[in-house]
Structure formats: structure tokens, C-alpha cells
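A.B. asks: Residues per chain, in single letters:
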Amino acid sequence: MPKKILIIDDDPVVVKYLMAVFSDNGYATCSASSSMEGLDVVKTEKPDLICLDLQMPGEWGPRFYRKLRKDKELKDTPIIVVSGIDGDHAIKDAVAFVKKPFDPEKLIGIVKNTIG
Amino acid sequence: MNKKLLLVDDEEGIRKVLGIALSDAGYTVFLAKNAEEALEIFRKETPPIVLTDIKMPGMDGIELLQKIKRENPDTEVIMISGHGDMDLAIKSLKYQAIDFVTKPINDDVLEIALNRAHEKIRMREQLREYTENLETLVSEKSAKLIEVERQVAVGQAVEGLSSAMRDIAGDLEGGLTYFNEMPCFVSVHNPKLKIIAVNPLYKERLGDKVGHNSWDVYSANTGVGFTCPAEKTFKTGKGLRTKAILKTADGDKAPVIVHTAPIRNQDGTVELVVEISADITEVKRLREELNRTQQRYQQLFDEVPCYISVQDRQFQLTATNRRFKEDFDVQIGAFCHEVYKHRDAPCPNCPVARTFEDGQSHQAEMVVTAKTGEQYNVLIWTAPLKNPAGEITHVMEMSTNITEIRKLQDNLSSLGLKISSISHGIKGLLTGLDGGMYLMETGFAKAKPERVHAGWEDVKTIVSRIRKLVHDILFFAKERELKRDRVHILNFAEDVASTVEPKIKADGIEFVRDFDTLPAEIEIDAGVVRLALINILENALDACAEDDAPKRHKIVFSVKGDDQQVKFEIKDNGIGMDRETRENLFTLFFSSKGNKGTGLGLFIADKIIDQHGGKITVQSTPGQGSNFKITIPGSFQNTTRNPKEKTE
Chain A
0 MPKKILIIDD DPVVVKYLMA VFSDNGYATC SASSSMEGLD VVKTEKPDLI
50 CLDLQMPGEW GPRFYRKLRK DKELKDTPII VVSGIDGDHA IKDAVAFVKK
100 PFDPEKLIGI VKNTIG
Chain B
0 MNKKLLLVDD EEGIRKVLGI ALSDAGYTVF LAKNAEEALE IFRKETPPIV
50 LTDIKMPGMD GIELLQKIKR ENPDTEVIMI SGHGDMDLAI KSLKYQAIDF
100 VTKPINDDVL EIALNRAHEK IRMREQLREY TENLETLVSE KSAKLIEVER
150 QVAVGQAVEG LSSAMRDIAG DLEGGLTYFN EMPCFVSVHN PKLKIIAVNP
200 LYKERLGDKV GHNSWDVYSA NTGVGFTCPA EKTFKTGKGL RTKAILKTAD
250 GDKAPVIVHT APIRNQDGTV ELVVEISADI TEVKRLREEL NRTQQRYQQL
300 FDEVPCYISV QDRQFQLTAT NRRFKEDFDV QIGAFCHEVY KHRDAPCPNC
350 PVARTFEDGQ SHQAEMVVTA KTGEQYNVLI WTAPLKNPAG EITHVMEMST
400 NITEIRKLQD NLSSLGLKIS SISHGIKGLL TGLDGGMYLM ETGFAKAKPE
450 RVHAGWEDVK TIVSRIRKLV HDILFFAKER ELKRDRVHIL NFAEDVASTV
500 EPKIKADGIE FVRDFDTLPA EIEIDAGVVR LALINILENA LDACAEDDAP
550 KRHKIVFSVK GDDQQVKFEI KDNGIGMDRE TRENLFTLFF SSKGNKGTGL
600 GLFIADKIID QHGGKITVQS TPGQGSNFKI TIPGSFQNTT RNPKEKTE
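So the sequence lines, in the order shown, correspond to chains A and B.
Reminder that position 101 of the first sequence reads as 100 in numbering that gives the first Met the number 0, one-by-one numbering, no gaps.
Reminder that position 296 of the second sequence reads as 295 in numbering that gives the first Met the number 0, one-by-one numbering, no gaps.
Please keep in mind that the hints were generated in silico from the structure rather than gathered at the bench.
We treat Cβ as the ideally placed atom computed from N, Cα and C, and that holds for glycine.
Hints may contain errors.
Said to hold, decoys possible - Computed list of lysine-lysine pairs in BS3-like fashion (alpha-carbon distance at most 25 Å, straight line): (1) B/LYS3 x B/LYS15; (2) A/LYS98 x B/LYS426; (3) B/LYS140 x B/LYS191; (4) A/LYS105 x B/LYS445.
Stated by the list, open to error - Chain B stretches covered by chain A per the calculated footprint, using a threshold of three residues with CB under 8 Å from any CB of chain A: (5) 435-441; (6) 447-460.
Given only the sequences and the hints, what does the whole structure look like? Please build it.
C.D. replies: And the structure:
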């Protein structure tokens, strides 16, 4: 049973890219284009890791993060921030902060270290 | 000492002998042979001492004593009695005879009796004198008291006159309203034309003339027959106003205007006259000094590189400086918010209002509209103006025009803003390109053409986004040259309309195309004009979407024109705009939409139309909607226009 990664990003091109990278490395993926949608998907898909963008229309990544942390079942899900803005302080216990544009090899390395 | 003495006896021998003896003792002796005669003489001569026999025919000595004492109680009466009428003698003492002597008369006894009479008289005189002195003393003291009372009354009168002084100040044409600052000599005169009181300035300049004649201070050249103002007032009972020349204490002459006022007692007779003389030269000097000071302040007020206004609690302008008048249409009494911002109500963050509240100086930055229609950024300082009682009656507002600085800052901050958003955008685009390339690479590697194709689609999407971003950057970086496109008006309008229509209809708003145009072609940069029109149409959409009024919202997009000129009109029945919003509409980063607006849309639209040599005009009424009219000439010249020279 492959580990599942949730990708939350408003840019469909980026979502497509990340899905390709993760699936090429043997992970299952699911995606959401906003924080709100992301919360729903987290509950239904129960991913092993979340790949989160910060700047999105509507609610930004940090808001998603705070809501996620209130849910006892899901609050321990590791998060990797993948964003173009400087926001490493916004999500304080993120596993890693990856700046766009990113090196896919490096990102996969972090993912492997986190969930195997 | 009155040495008169009346001797009364019916025996002539006694009258003769005793008479001689008394005359020798220094008395002027009057003789009477009976009581009736004695009374007659007594009434005529009023001698202080009467010597009378008791037993006489007719009226006896006792009765005479009683009558004399009744007529003049101070007369001392000595009784002469024979042997055996001691009872009568004693009875006479009861009737206030001073003493009695018995016949034959012993000279020593008589002398003792006379001395006693004299002693009594002297004592009584002393007593009377003392009593009379006392009365004098009392009347003296009362007179002094009355004088003091009167002076107090005069003092009150002088104080009460201070209000009258203001009228006098009016005569002097100056704005001098304060009694204390007036160079006036005040004096009070009595009916004997003596000065009885003067004020300190009088004392200082003219000398302490209390007790002097009322006319003393008037210059000698007033001549014989001169009636001084105080005297005239006593005579006529009326106050007067006249010019005169006074002699000052140091011998100078002082031209004055003299005012007099009668002060009447309860009977209505003039008891005192108050004379007030205003030194004309002093007034002139003060007025000149005042003028000079005022002039200096006026110059400062007018020349400082600020707009200065003085406002009352209703924000009405009570004074403005020259620069203010140059740049704004000012009528005294107009409201600040009217003149500066064309608002009907005071501005919500008014620093003047805050200064009225707390008495402190406040700052604010605002955008105001000059009479030329130009927008100025001003930095405002306020300062409270207080009356002598310390109450804030007005606030002074100084506004510095910082438009140029602000423009520079606008450019810088817009550059900063753009750079940060561009850099974020670029990061996203690079990531997207990476994604596209990754898919293509892995697609080739795994020989999956559909994956290569998907990657290629992504690359195309990203490239078009890059194109748009570059367009935006060019708008901000500099005025870019317009690209010349020949477009068919109708096709162009249709293209614009179909871009926004779905969005408008999705919000339940009616969209009406009203195209009434000749099949003509115009020369425009279609890409940017399209952008401008879409910006305005999207604003119309927001104006309708935000309007809570229960009405059917509608946006009408009309186009009229030929190959010379095309007129677009975008009309909505949404929330509308107040004048301030209307005037700031095309300002960079001005947004009436809170966080939803960027403040870029209409700024860009205005810039685009301006570049085409066209113009945008706006009509709007709050609650009724807005109407944007965009006029563009059939072709344009590619010159970089200075927005300041834009005519509207």
C-alpha cells in the first residue's frame, strides 16, 4: 500500500507537476486547489503527508494549517511547505520549507526521509 | 466776659448803695424798682446775673425768678431776703436760684454768691463749648464719611464707564477694545470745578491734579473766555465730545479728544462730571504699531509655502492665506470639506475636529482637489487658537502640498509592490515551466507521447502567462508605445462584451448591448483599450453586486461612432459614488472596495485612454449608479503625454 500525499496548490500546472513527481516515485497522490477543499480531502483521503502552498485565493495555507491542527485525528500529519513566498515562520512545525522553483530530487529526498 | 447785672429792690437806699458797690466791682448794673420793671430790662439787656429782693409789692422775687428761669434758664439769680423769711429763701433755691444773701448785706457773703454764679456760668459755657465742639467733630466726621462714600460711588461710576469707553474707542477708528490698553486720561470734577480724582495714566502724564481747577490742564492757547469741558457739562447737564490740547507734566502738549459725562445725584442735578481724554498721538502710534505687526503677520501668513486656513467649530473658513486662495475657490464662510474635498459632510478623520476636542495639534494626510481639478496630496498640521479665557474658538490648519513627494513615493511603492508580486509570480511561472519540462522529459524517457503532450500544454499555458506578466510590468515600468491595430468598431465592442458578459450574468445582473455604430474601422491598440474597457465594466459589475438596494441591476454597454471618433458608454444602476470617490477614481491605489480592490484598474484604464488622446468622464450619484463615458479618436499619435497637461 503506497503512502499517500495530498497536494494543495491553486496552480493546476504545479499540481500536475507535483503529482507526476510523486507518482513517479511510487507515491499515491490526491489534490486540492484551495484550503477549504484541502480540509475536505484530508478528512476523506487521510494522507500520510501534505504538500502545502502558502499563497492561495481565499484562505491561505496558514489558515488551513491551524484548522488541521485542531483536528485530533489529523493534527500529526506531516506538512511540507512548497511556496514562492518567504513564509517559513508561518507554519512553525512544518517538516520542511521548499522554495519554488524547486529541485524535484531534493523534494523527493525530504519526502522519503519523512514517510519512507 | 459779660459783666452785666440786674439789681431789683423796692428800697431805693439798697438799690443805690448796692448799685455803687457792684459798679465798683466792675459790673454794668441795671436797676429796677419792681419785678415788672426788672422783666422789661431783663428782656432787653439779658444780663447773666440777676440780684433780686424777695419781698416786693406786686410781683414778688420768687415769681420773677420763675419767669426769668423760664425765659432764659442760663441766667443765674441771687435772692436777697430779710430776716424771718428763710422759708422763702429756701423755696427760691428750689426754683433754681443760685444762692441767697440776707439783709443787711454782707459784702463778703455777696461776693461768695456772685462767685458761685460766675462759676456756674463758666462751667455751663465750658460744657456748651465742649458739647458744641463735639457736634462740630461729628459733623466733620460725617462730612468725611460722605466724601468717602462719594468717592466710592465715583469709582464705581468710572468702572461702569469702561463699557462707554468702547464707544469712544470706536470714535478713534481703531479696533482697540480693551479699556486698560487705552491711552486715556480719566478725571472726576465737582461743581466747584475742582478735580477730585484722576486715573494712574493721568497722574503719570499730566501730574496729580487732584484739588486743582478743572481747566488747569488745558493748554494756555485756549484763551480768555475758555469754558473747560467739565464746566460746560455742569452748565448744560449734557456730556460732550471735543478736541483739545493738554499740557503734560513735562511741559509738552498732547492733542486729545475729550469726552465728558455728567453724573447726577438722586435729585437729578449734576453732582460730578467724568472727563475722559484720549491721547490722539498715542492712539495713532499704537495703531501704526498694530498695523505694522498685522502687516508682518499677514505677509508671513500669505507667503509661507503652505495653505493656511482658520476654521470655526462648524469647519467654516474664517480666514485663508494667499496661497490657499490661489489654488482653491474660497469664499469666507464656506466649509473646509467643501472647498478642499467637495464633500457635503466633514471628513471622517478630520484633524481639526480632533484639535477642537483635545486642544492638541494633529496631523493628517489627505488628497484634496484644487480649483483646476488637480489632485494634491497635502500633509496637514493643526493648532488650536484660544480666546483670552483659554477656550478654543478656532483651529488653524496648515497644509503642505506634498504631491510631488507623494508621486515619487507612489512610483517607488508601486515599484516595490510590483517587484514583490512579480517575483512571486515569476517563481510560480518557473515552477510551472519546470513541471512542463519534467513531464516532457519523463514522457520522452518513458516513451509516453500523451505525457509529452501534457507537458507541452503546460509550457504553452505558462508562456502565455509570462506574456501577460510582462505586459503588466511594462505598464508600470514606463509608458510603453502603443501598438497600432486597425479594428472594426463593432467587432471590437462585441469582443469586449462577450468577455465580461458571462461574469455579469453569473451575478444575476442584466447586461445590455447598445451598439449603434457605422461599420467603420478605427486605429487603436486593441489589447490595451480592451483591458481598459474591461476594467470599467468589471467596476460596474462590482458596483451592482455591492448594492443592497432591492432593484433589478443592469449594466448598459453602448457604443456609438464613426472612423473619426468612437464613444463608449458604460452605465450601471449600482451603488454610485460620492464626489470624493469620483475625483479620486483614477488615482493610483485609490480603491473604494476595501481589500478587494487593488487601486490599479481605473488608474490603468485612464492611462490607456489618455495615451490614445481620448478621455474618460464620469457622472455618478450615490444610490443611483454611475455613468462612464470613454471617447477615443479614430487614430492616435504615439507621443508620451504628460498627464498633468490633460484637459478635462
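A.B. asks: Run every hint past the structure and note whether it holds.
C.D. replies: Evaluation of the provided hints:
no.: 1; hint: B/LYS3 x B/LYS15; verdict: holds, 17 Å
no.: 2; hint: A/LYS98 x B/LYS426; verdict: holds, 9 Å
no.: 3; hint: B/LYS140 x B/LYS191; verdict: holds, 21 Å
no.: 4; hint: A/LYS105 x B/LYS445; verdict: holds, 22 Å
no.: 5; hint: 435-441; verdict: holds (count 4)
no.: 6; hint: 447-460; verdict: holds (count 4)
Against the hints set out earlier in the document, no violation occurs for any number.
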